[in-house]
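Residues per chain are reported as follows:
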Amino acid sequence: MLNELPVGQVLEVLGVVVGAMSGALAAVRKQFDVFGILVLAWAAGLGGGVLRDVLIGAVPPVGISDGRLMAAALVGGLVMYFGHPRLERARRMIVVLDAGALALFSVVGTVKGLEYGATPLAAVVVGVLTGVGGGMLRDLLTGEVPVVLHHRQLYAVPALLGALATALLWHLELAGVVGLSAVAAGVFGLRVAALRFRLNAPGPWRGSGPGGGR
Amino acid sequence: MLNELPVGQVLEVLGVVVGAMSGALAAVRKQFDVFGILVLAWAAGLGGGVLRDVLIGAVPPVGISDGRLMAAALVGGLVMYFGHPRLERARRMIVVLDAGALALFSVVGTVKGLEYGATPLAAVVVGVLTGVGGGMLRDLLTGEVPVVLHHRQLYAVPALLGALATALLWHLELAGVVGLSAVAAGVFGLRVAALRFRLNAPGPWRGSGPGGGR
Amino acid sequence: MLNELPVGQVLEVLGVVVGAMSGALAAVRKQFDVFGILVLAWAAGLGGGVLRDVLIGAVPPVGISDGRLMAAALVGGLVMYFGHPRLERARRMIVVLDAGALALFSVVGTVKGLEYGATPLAAVVVGVLTGVGGGMLRDLLTGEVPVVLHHRQLYAVPALLGALATALLWHLELAGVVGLSAVAAGVFGLRVAALRFRLNAPGPWRGSGPGGGR
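Residue numbers (this note's numbering), protein chains in the order written: chain A, 1 to 214; chain B, 215 to 428; chain C, 429 to 642.
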């Protein structure tokens, strides 16, 4: 399992920190108080995993019981709380780190679903949700429509492909460290490519004409 | 059980398709991308059942593990994705189909709650939630206040009466196909009557005067 | 256990009634219909406990299965439905009662988490969530950003301190009636002091200058 390796654990903690920073930043922009900022850090960093764990019956979720992960969310929140005047300018770095978190969370989330006996279909759903759920919770708690649903730029699609590939590897009994790392690298690469080359999902179908994009 | 009969299964799948169409339409109107449109289809078609299953401990919920139901949500989403320019005009038909879904979901949801050992009270709550939860989730994810909470026109009340009648039949050991079908038909009839004759629930109490309605 | 004592039970029911009144009032202000008003009463009075129970696996949650508590929420909702023209003026009384509910819920919620075998960390989280979750759900369902996240005036902090103190007493095997009552009294006192003396949590860090408050 990816998150049982030292490197996997470091990546998981880093992923939570980065997710938490995105939540804290959203809260700072809404002028939340320090408590609200830390709650948003928690929600964005660990909310996806909480949704996953509730859906597969792994309660209490690690997002409220694992001290290491909660400390990571707290650190991410505090870093952004004190650092936001400068960190807003480091946006590019944060977006790249976030792509790493997306990659790791979608792979690890799918594996956890399978380990809990979920069907491959359900495991893929919770894998994607692990990747994108924190951001959705962050947006709902700050009164925004979840950006993942309307922003066009590919974000959930890499997570979905990663979750599908993970379930396939599991089915083929190839879900070892090498295979899962390759999948995570693919998700990361696709997400970064989406950022770099502005790969967009189409909007509502227009019937005729160029179809889709804004 | 209603949803173990062929006709019940067809109705359940149809209900999910219709719910999914309502979700996809809401997403199209908000200019979501195709991923967001399909997520909203899933949320509106299967979200009520997911809430029910999480509350009664039936995890993973069928809404993320049952391939047949998820395919129904996907179909509903795709039909609306490609068909929305025409289907907006077929609104009346959709509203009637939605009444059928409401009727079926509230009856089937209550029975599932009772089968999982919930108290009659809890079963009624999850029954109503199965009927109205998908629409609530759809509204929250698109940044709207849930229409079922403020629209006045009777929607949750037929579901509530249906859930109560279902729990009563269960208690009397009369919850067979005939009895449950009659309850579902009653819910459907009451909902259609509310549409046809504009039956409204009262708004906030005004103290004196004609009391209620806008 | 606090909520096994007659006085604890009375306080718990009172807490639900008061929470429900706050939910119903929010719904009245949004011109919800009577069904929506009662749903908001339920969500605000019992939603925190429902979130707690789902997170610790105590399903179905007492918030949908305990007739006594649901009756309390219904009473609170109906009192506000019929009484809102007058009760808006009794705001001060309601706010004080709400401080009592916050105190009781955070202590009782933490104990329930510990009884279900949650780690102390997880128990503290669900304790705080029991205290503040109902209000958060109320705000989300009425289309508002949860007031607890941005209002500044101390609300969640007393609940957090109370949950921490409860977990500490439990660890020291001192979580008897006297100890827990003292903790609840402390939470209540701190919340009332926050109201009386306008104790505020800081907002986003400004880097230099007076730092924080608006």
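Hints are supplied without guarantee of correctness; some may be wrong.
A few chain A residues that face chain B, going by a derived Cβ cut-off under 8 Å, partial list only [said to hold, decoys possible]:
(1) I56
(2) G57
(3) F82
(4) V125
(5) V145
(6) V157
(7) L161
(8) G179
(9) S181
(10) A185
(11) G186
(12) L199
(13) A201
(14) G203
By construction, these hints were calculated from the structure, which means they are not laboratory data. All figures in this text were calculated on a predicted structure; none of them were measured in a lab. Heads up, the beta-carbon is just placed ideally off N, CA and C, and yes, glycines get one too.
Each hint, compared with the structure:
Evaluation of the I56 of chain A hint against chain B yields a held restraint, the C-beta minimum of about 5 Å falling below 8 Å. At a threshold of 8 Å, the smallest CB-CB gap from G57 of chain A to chain B is about 4 Å, leaving the interface hint in force. Given hint, F82 of chain A at the interface with chain B, is violated; its Cβ is 31 Å from that chain's nearest Cβ, farther than 8 Å. The interface hint given for V125 of chain A holds, since its Cβ lies 4 Å from the closest Cβ of chain B, which is under the 8 Å cut-off.
This hint holds: V145 of chain A has a C-beta 4 Å from the nearest C-beta of chain B, less than the 8 Å allowed. Hint on V157 of chain A holds. Least Cβ distance to chain B is approximately 6 Å, under the 8 Å limit. Taken as an interface hint, L161 of chain A does not check out: its beta carbon lies about 12 Å from the nearest beta carbon of chain B, beyond 8 Å. Taken as an interface hint, G179 of chain A does not check out: its beta carbon lies about 24 Å from the nearest beta carbon of chain B, beyond 8 Å.
The criterion of a C-beta within 8 Å of any C-beta in chain B is not met by S181 of chain A, whose closest approach is roughly 25 Å, and the hint is violated. With a least beta-carbon distance of about 22 Å to chain B, the hint placing A185 of chain A at the interface is violated under the 8 Å criterion. With a least beta-carbon distance of about 18 Å to chain B, the hint placing G186 of chain A at the interface is violated under the 8 Å criterion. The criterion of a C-beta within 8 Å of any C-beta in chain B is not met by L199 of chain A, whose closest approach is roughly 11 Å, and the hint is violated.
A least Cβ separation of about 4 Å between A201 of chain A and chain B falls short of the 8 Å threshold, and the interface hint therefore holds. The interface hint given for G203 of chain A is met, as the beta carbon of that residue sits about 5 Å from the closest beta carbon of chain B, less than 8 Å.
The structure fails hints 3, 7, 8, 9, 10, 11, 12 (numbered hints given earlier, in ascending order).
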